[in-house]
Each structure stands twice: as C-alpha cells, then as structure tokens.
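S.K.: Residues per chain, in single letters:
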Amino acid sequence: MNSPTHDPTNPEHMTNPEHMTNPEHMMSNDRSAAAAPVFSVRDLWKVFGPKAGHVPGDRELAALPQAELRERTGCTAAVRGVSFDVHRGEVFVVMGLSGSGKSTLVRCLTRLIEPTSGTLEFDGDDLLAMDKDKLRELRRRRASMVFQHFGLLPHRTVLDNVAYGLEIQGVGRAERRARALETVAKVGLEGLENRRPGQLSGGQQQRVGLARALAVDPEVLLFDEPFSALDPLIRRDMQEEVIRLHREEGRTMVFITHDLGEALRIGDRIALMRDGEVVQIGTPEEIVGSPADAYVRDFVRDVPREQVMTVRRAMRPVAATEDATGPVVAPTATVAEAVEAVARTGAPARVMENGRCLGVVDQDGLLRVIAGLGAGREEVAA
Amino acid sequence: MKKPPAFTSRTSRVAAAATAALAVTALSACGAADTGAAASSGGPGDKVTIAVPSWVGAEANAAVAAHILEEEYDVRVEKTQIDESVAFDGLDSGKIDAVLEDWNGAPEKIEKYVDQKKSVVSAGDLGVTGKIGWFVPEYLAKEHPDITDWKNLDKYAHLFRTAESGDKGQLLEGSPSYTTNDDALVKNLKLDLKTVYAGSEAAQITQIQQDYKARKPFLTYWWTPNWVNEDVKMVEVKLPEWTEGCDEDPKAVDCGYPETPLRKYLSAGFAKDGGKPAEFLKRMKWTEEDQNEVAAMIAGKKMSPEDAAEKWVAENEDVWKSWVA
Amino acid sequence: MSTATDSARSGKRTEKRTAPAGARPGARATTWRGTDSASPPARTPHGRAETPAAPNRLRTALAGRPVLRRLLPLLAAALVLVPVAAALWGSGGWPQQLAVDVKTPLDDAYDWVVDHRETNPVFLYFLLHLSNWAEISVDAVTGFLLQLGWLGVITAAVLLAWRIGGAGLRGLRTAAVALAAFAVCGVLGMWEATMETLALMAVAVSVSVVAGLVLGLAAGLSDRFDRVLRPVLDTMQIMPAFAYLLPLVLLFQIGVPAALIATVVYAVPPMARLTSLGLRGADPGVLEAVRSLGAGPVQRLVTARLPLARKEILLGLNQTIMMALSMVTIASVVGAGGLGEEVFSALSTVDVGNALAAGIPIVLLAVWLDRTTAVAGQRVAEGADHEATGVRKVLHGRRAWALVAAAFAVIVPPGRRFLVEEWPELWVVDIARPVNEAVQWFTAHLATGVPVVGGTRVWADGFTTGVLSPLRDGLQAMPWWSLVLLAAVLGLLAGGWKAMCTAAAALALIGVIGVWDKSLDTLSQALAGVVLTLVLGFAIGVLAARVGWVDRALRPVLDVLQTLPQFIYLIPVVALFNVGRAAAVAAAVLYALPAVVRITVQGLRQVDAGTLEASRSLGASTLQQIRQVQLPLARPALMLALNQGVVLVLAMVVVGGFVGSGALGYDVVFGLQKSELGTGLAAGVAIVLLGVALDRATQRRPDRA
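Protein chains in written order, with the numbering used here: chain Y, 1 to 382; chain P, 1 to 325; chain Z, 1 to 705.
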C-alpha cells in the first residue's frame, strides 16, 4: 500500500512533503510540480513568553506538552517544529481547531509575527534574513493576506480600500484606480465602488478584502480564516469564488481554516495542526482515507467519504472479462459518482483514463471505502 | 509578541520631528522681541489703554476720561478690566497707559516700579480722597449711639454674630485685593470680633444690601467714596487715630486707616511720548461729589458708563474744561 | 450638551476602561483570531480553570473579614510608625518641623522675573515673541470679525453650520442653532464683546488643537511618553486656573497673551487624551492588515491610525472648545476683554441682569459650537455623504462648499451696502432690569421668613453651625498622622497599594508646603459639598430616571447650569445663603449637581431591563425596585458619580473663595490679586493635592480584583 501511515510521535515522518504529495493533484495545474516550492518551511518554532528563544533548542523543553511547558517556563509554544513546502499553484490549507497555532503560523510566513527559530524560504530567498525594506517589499508585491475580520479602512470607499495596497507601493492615482476597478469587477462588486465598508454585508466586505489582496497581483495569497465570520450560505459562495479564482489564475494560496469541510473543498493539500504541531499533511483524500492517527481519524469521522474519496481508492485490478463492459468513470471521480453509476447499471464500473482501463470498482469496494474500512486492496499502479 | 523593530525608529522619528519644529521656532525667534514698552504715542487715532479696577468709582473715572479723550483728542480708548495690583504690571510693561485711581493697594509695586525701575510715573492726585474704615448701618447707630466708638464694640459684639463668626462678632471684609489691616487690628485691639472675608466686592455688597434691607445689625470694612453709600446709609466707627508710621509693621498695627488721596499713575513711556492725551490725564482732577454723581448713574440707575459719562460731561463743562486746556 | 469637565472625564474613563480590557486575557477569548494568535493564557483552559480554585479556598477561610485581611499589613506598619512619629513631632496639626517654606523662594522667583524680564534673553528671544504673537493673532482675528460685520459673521456661521451639519435639509437644524445663537448675542447688545471672545477662542482653540494633537500623537505612539504625560494632563485640569494666571502674567504679561495661554493650558488635555486614546484604540485587525500590505510606519500613521482615530479627535475638538469657553470669564481677570469682562464689570455693580446678558452669549456660543462639532463627529462615524440620495446627492463634497461660498458672496456684500457693520442699536433689548427685579424678588422671598421651613438663610446658618463648623474643627483637631493614616486606609480599600501610597503622600505633601489647616478647612467644605451633591443628585437622578417629563424638563436646566459662567450666580447665592462657607458649598453643589444627576440617570437606565422585569414580576414595589435592583446594579455608575462629584466640587473651591469660603479658595484669589505668587501657587497646589488624595480614596481602580 502506497498511502502513508504516519507515526504521529515522529514528526520526521511528515517533513518529507514529496512523500505525501499526490502528483496528480499537482498535475491538475499547468505549472510544474518539479519547480522549487514557493514557501519552504523547516522546523519552524514560535514560542511566546519569557526567554522564548531557549525553548526550541532545548530538547527536553521542546518535547514537553503545552501545559507542562507553561508551568516550567511560562512560555507557550504556538508553533512547534513545523516543516512543509507550498508548491507553486497549489492551494495549501492549514487546518486545525482554534488554539492549534495555525493563525500564528500563517503570520510567520510574512513575519507579521516574528518566528522564534527555524528556516523559512520564499522562492528560495531566506525570509528570515530579509531586512525591513526587503520584507516590506515582499509584503507589498509578493504575498498578500486576507483576514478573518477583513481589516478594511472604514473611512475609505470600496475602491480606495482595494487600491490601498497600490497606494502603499506608490502607484499613481489614476493607474491604481484603474487597476482597482478591474479587481473590483473580478470579485463581483461592480457598482459598489463608492460605498464604505460599513455599508456592505459581511460577504461583500470580505470580497473587498480579497480584491485588496488581489489588486497588487501577488505571487501568493494568504487567507487567515477568511470566511469564519460569515453566514454559512455566504461562506459557501465565497468558497466557490476562491475556487473559481484559483481555477482562472492558478495563484498559489495558503488558506487557514478551522472548518474541515472548507479545507476538503478547496485544498489541494491539507496540513492538519494540533497544539502547534503538524499531525498530517496530505491530499484531502489521504487525510480522510488514511488518517495518520487517532486524532485525525476522530476528526474526519463524520466526513462524507464518498464525496472526498476518489474511485482510485476503491479500484481493484481489472478481471479479464471486465474491460469491455460496464459504465465508465474517470479516475478523479468521487466514490459517490461511481456509486451512482454502479447502482444504475448494476455492474462494476471501469475506471478509464486516456482510453486505458486502470481498474474497476464494484459494490464491495465502494462500500468498504464508504464504511471507512480502507480499500482493502492495493491501488492499481498508474 | 516581539515588538516590531519599526517601533524604535518611529519614536526616534517623532523625536526628530519635534527637534526640527523647535529648531524652526528658535530660528524664527532669532531677533529680540519688541517689548512693547514704548508703543503708544499721542497722535490722533492712537490708542490709550486705561485700567479699570473692579469698583464703580474707578469705572466713573475711566468713563469720563475716555469720553473726553475720544471727543477732544480723537484717540481710541480701550478700557481694560483688571485688578489694581496686576494693573501695575501692565503699566510696567507698557500694555496699560494709565491707572486713574490707586488706593495704595500695592505699595511694594509702587516701590518697585515707580521708585526703583522708574517704568511707572505718578500723575498726581485724582482729587478724591479715599477713606477706609469700619462702618455700621445708620439705623444701628441711632439705636446704640455709642457703638460708633471702637472701645464699645465688644459690648455689642453679640449683635454681629453670624454662623460664620461663631461666638464672636462678625467683621465683614471684602475682596482680597483691598488694602486691609483688620486681622492685626482686631488682634491688637483685643476685640471680640472675627474677620469674615466675602472674597469679592460683589459678595460683600450683596451681603450689605441684604442685611440693610432686613435692618439687621452688621459691621463691615468699607470705604468712601462709594456709590453704594447713596442707598445704604452707614456710619463710620471711630478707630484709634492714624498717626504717621503707626501702620508700618503690618503685624503690630493698632490704628485706623489714613486718609488716602487717590493717585493717578501713567506708564513711563506714555507719560513721556503720550503727548496731549497724557497731559490731559495728568491734569484730570475732580471731587468726590463729581465722581459719585457718575458712579451713581452707573451703579444706581444702571446706565451704561458711556451714557453716564456723556451726561455728566454735558452738564459739567466748567469742571472738565480746565483739564483739556 | 454635556459640559466640558463631565465629558472630558468620561473620555478619560473610557481610556481607563479600555486599557485593562485589552490586557485581560479573558477578553481575547471572544474572538477567533484572539485565541488563535496563541495568546498564552487563552490557550490553556485547564490551567486557567485551576487558578481561581486555590485562592477561593483561601478566601473562604478568611471570609467575613476581607477588609481586615487587606488592611492587616498597613495596620501593622502603622502600629510601629505612628508612635514614633507622634513622639517625634507631636499629635496636633501638621508639625512645623516637617513643613518646608515654599513661599519665600516663589516670591523671590517672582522678584527675579520682574527685575530681569526686559533684559534676560529667555524673555527677549522666546517668551516675548510668544506673547507678541498671541496679541497680534488675536487682534487680527478680532479685526477680521469686526470688519466682516455682523451680517457677514452670521451668514458665515449659518452657512458653515449648514454645511457641516450635512448640507440639505439635515443641516438646517445646526444652521438654525447658529442663527439663533448669534442673533441673541446681538439682541443682548453683546455683539462686539462676543466677537472679541470668539476671536480669542478661535486662536486658543487652534493652538490647543495643534498642541493637543502633537502631544496626543506622541502619547499614542510611545508608552513611555504616555506615562509621563498623564499626570501632567491631570494636573493641568485640576489646578485652578487662578493659581497659574499669576505666573502666566509674570511670564507673558497681562491681557491677551496670559489669557490665551491660560486657556490653552486648560483646553489642551482633552485633545491630547482623546487623540492618544483614538490612536491606541485603533482596530488592531485593520492595523495588521495594513502592515501585511507592507505599509511603513509613516504610511500606517497617516493612512490608517490617524483616520481611524478621527472620531475621537473630533470629540477632542469638541471638548477642547467647551473647556476653552469655560475659561472666558477667568481669562478676563487678567484683562483679556470680551464677554468675560462684561460679566465682571456687571458684577462690580452687583448687576446680575447685565452679567446674565453677557453670560448668555457664552452659553449660546457653547451650544452652537457643541452642536456643530457633535454633528460633524456623528457624520464621520456614519461614514458621511456617500450613500446620499436626492438633494443631498447634489450637495455633497466640494459642490456643497462651493454653494456655501457662493451664497456668502451673494448675501454679504450687497447686505453690507444697506446695513451698517455694527449691530443696530434698535435691535438691542435690555434684559438687565427685569432680570434684576426677578432675582431680587426671588431672593427676598426665599431668603427668610418662609413659613415653617424658615428660608434659605436660616438653613445656611444652620448648615454652617451644625455641619461645616464641627466638621472643620473636628478635622483640624485630629492628629496629623491619623489623617494621613486615614487617607492611606481609604486608598488601600478603594484602589490597592499604589492608590494608598499616592493618597497618603498627597495629604502629607499638603502639610509639607505649609497649608495644612487651610486645606482641612477646604476639605471640610468639599466633603460637605460632595455629600450634599450626592444626596440631591441621587434623589433627582432616581426621579428623573423613572419619570420621563422630569428628565426632559431638567435637561436644559442642567445644560445651562454647566455652561453658564459660575460668577453670574455668585450674587443670588450670597443673597440666598449669606457670605460664608455655606454659600461656597451651595455654589459648588450647583456646579457639580448636573454631572452627578446625569451619571445617576444613565447608570439607572442602563440597569438590565430583564432583571428589572423579573423583580416586577415578583411583585416588587417601586421603592423595592429602586433599592434592591436599580441601585445595587447601578453601583459602578454611582461610584463614578461620587468621583465626579469630588472633582467638580474641588473645581469650585476657587469660586467659593469669591463668596466667603476663605481657606484655599481665598488664598488663590488673594495670590492673584495681590501678586503674591507664593500664597497663590501653594494654595493651588494644595487644591490639586486634595483632589488627588480624594480621587484615590474614592475611585475604584482596575488593580482591585
């Protein structure tokens, strides 16, 4: 079985992102997975408290659980020894419950919060070595952030809020307004350019926040729980919006959320955090299909697997008689889709890619996946 | 969270900006400022500033002087409401040109500015003589004729008792700016009295008027000439007679108040360069009756000082013609 | 309209309240981001759950004697120190050995300045420039206003008020206020004086705003500067203006300069405080977003922090204007002219009517400026014109300003051709006579001989003999150390160790500067005044909170009481209560009452409606509702009212000096009028110290759990 099973006590296991990357997901974008990662994070620590700098280096302290660490040192380790890469063009979701350190982590990425130790590279540049000006330049042009509570300037109109990043860069008034207008249109706020944030609904405000981040045309968009403050229906719309934008522009995104459904829906890969540590990194399918430990398993228990898992998980090798008949599904199809096809025809479905039959899925295999028993069979090698 | 390094530089930038601002101020102030001491001169259209302390007599002087100055010399007169003592600082700096009625309420300032610094010069007497003393209402004096001698005051002290003075008789005092030795006097004459400071002329007069209306006995520090005397008839209590030097040591005073010829003072600059208006103010001199007439119009009949002055000037040309000569 | 002191303090209040809220760990748990950015305490719920448990057990053990537990260390220390102190320095009034002579050096300093101010470079190259500049600018503004003529000024004021009020129909209200205010000033025959005052105000407020902004900016950006500035601002506000008028006269000469600077000193604090508050209170989320976009410190300040603080800054402007206006009468003591001078000269002839005629324009200026700036603040908060429809759509932004300018150009020049610049004599109405008659009638009928109740003079005498004198004599008879100890105990109970030290030190310092007995005299009056204010204020407040029409009827009365220069009611107060301490207390109560009534009403109104409903459903009577629900729940507000009462009563100590309070108030006035720097300043400082001691002994502070 190819899918990794993790030993949660061994973080080393997760530091090799290649190990967990589903190449197919990467291929779905037109950029190459082989290119250098946008963000490369290694053993990143953020400790709050007195003499925070001592904690990461001290093996004994670093191994302590949160409560004991606090008792001993008065420090809180919000991010502990986190490593991952974010690849160009992917949507990388960091997901965890509140207090798991995910928001601190995303702030460390542009040093809005100064990391305590570790290495952090952006496009191969050492981010921690940047001086104030370089860092500012990075924030201005290369990585923009969208915030949970929007962070809009209440005294400016929508248009001026969107143009704000450009204004900071020193772009002239006419040009920045033109560019802001384009962006406003892109996020579907036409006609509201002259409103103030206070006159907009939450969803509209977050669109402004999104437009403001987009207006500077950054390499990376960072989202810090952008939709948590919104109503469920609007949240859904906004998620669609992000997915659409990603489809259209292929911009790299780092997305923080505490909502598993959201993570599964928009993430190419998900890093699951708990108490400052990354417990598992993988595609939604990997997370749901092969939880690294009891915590993750518990976490994903209620996920409707048939909608996350693809038919690959349920596939068995083609039997000799099967490759000509039965309904056809794509390898990226979800189990739910296959169930429908199988139920309709009563026969196992063939998984076809480029005219080649990769395998078949039958009732038994599909049910095992839905039941969470694991595929029970080796995935057929592509 | 670690403080962003920008913080310290921000503070230093603020500091730099403040320093720059200070430097600019300092530069602009490179030249020595005009002290304003020799500002006024006496030509037509110029401004003469007269200090008006907070009593009506002074207001009457100023109103008449202003009226004549404006009519005869065509100068603009500004009357500034200000206390006697502070007015001398104004004379010293040249902000004020004239004080027309000084009760010797700030002898140390006269010594400093007139005698030592010579920034203020005397402009002679106003012609009115002030008399400070202790007074009781007329009805009380009629009832107890011997009350008008200080030696008998103790006998009647109980009449003057108030809540403020407790078991002693109350001696009502006025504004803090008045010249008074009463605390020492009460002590040195061993009187069964207690001074109660009204704190302002308005409060003192109100108290007197109310008591007078209710025909209550009272004893008060008071002075003539005074417009209130028109309505409130009071009789002076005889204090030990004033002799030269008996009030030299403020703690050992045991005598009454001297008669004070009220004086006029001009700022040295104005006296020298003030031309005809300054000459006029030096010559101005009238009697207690004259002043009371104007004061009564202002305070009693509630006429505006300008109207009162105009009326008096129209009716008393013989008095003021000699001033303008 | 709320008065200067009242709202400025409330500004300060918010400040105090917000600071600890931000620091309190629990507060952050309410937002996602707060918890998530891993603030240490929020992340460990288990740890937090345990902490209160242990002290709780401890507290239960000591239950019943919490006060004793708090005081134990202090009492132990006192047990050792007091006998030593008493043995060394006796147990009477403040011991002579511990007093320092501050008067002589101050008087020497005074003489030195007088001798050197024409030759010393500090004066020639700096202070004189300041005072000349002050004089010139005020003169210029006065000249401009008079040149503009009454028609010009009224038109400009009305148009500006209309524009600031939001143009269109919405602005008509503020425009009407402006028109009425100025018209009445003219009708009362006070046009020229009003213009002089307006000019002084304009310059003073401009200077205050700039100075306040700079100070507030520095305090908002630097914690260290903020810590240094705070006590300075407090002193600027409590120190009676009379006490620092003399040094100002000394440094800047009489007339406009000293008055201007005194006004600025008094008016700067709210601006500085609120600017700093606004900068500190800016939404951290917005600031973080701005930082994430790569804005530098200056960009952050200019594009985010300052605009975000606009509401507070406008409130600061409003407060600064109110403070400046409250200085109008005091400024005229040193010859600033204007309405204040009219008030004073009317008082010298005991003419309440004319004093009122000069006082009303001050109130009206206050109303006009307050309404206009308040509306401006409201519109900023709302986000202004952009969602405009109809008329207002046409009338926003520059177009409305252009219209204002055009209207001015059309109305004024032709108008001036027909009308003279001075306010027409014919339109002046004399209110002095009827007012004086009314006042006389009232005082005559209320003062004495009222059947059964006796009349105000009888009460005043009773109050003096029955309350004020015993209180004063009692305080003065108490051993000095017992009073210092008392201040310490109260401070400890109210606010903790820091408050204890401050309260005791403030009281001791009063002794050190040699005004112990006088301060106790003033203290006795202040205490009586505070108690009276609170009793009356709570009673009126409870009534107004329950009965709608009482509240509505009271509001304008309270407004006027707060803005009318206090000097105007000195004469009726003396007529009603006799010269003396009772009159001073009465004046102080009149001044402090409005704020106390307001805070009480507000506190009672804010009581949770649900709780009240529940108690009603249980059949509680009106009295039970008030006593058992409203008053206990409104306790924080009532404590605030107490604190405000103390501060405001102390603010009136100097005015009390004008009606026979004696003691510190008289000394301050004496110092100014007799140019006795030592006496005046020492008394002024003593008032500040009394204020500090009383404040610490009455205000609950966050450092108490």
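Simulated from the structure, these hints should not be mistaken for lab results.
Because the structure is a prediction, the values reported are computed rather than measured.
All residues carry an ideal CB built from backbone N, CA and C; glycine is no exception.
Hints should not be assumed to be uniformly reliable.
Just some of the chain Z residues that point at chain P, by a computed CB distance under 10 Å [to be verified]: (1) Ile571; (2) Glu613; (3) Gly660.
S.K.: Against this structure, judge whether each hint is valid.
M.R.: Hint-by-hint comparison with the structure:
no. : hint   : verdict
1   : Ile571 : holds (5 Å)
2   : Glu613 : violated (45 Å)
3   : Gly660 : holds (5 Å)
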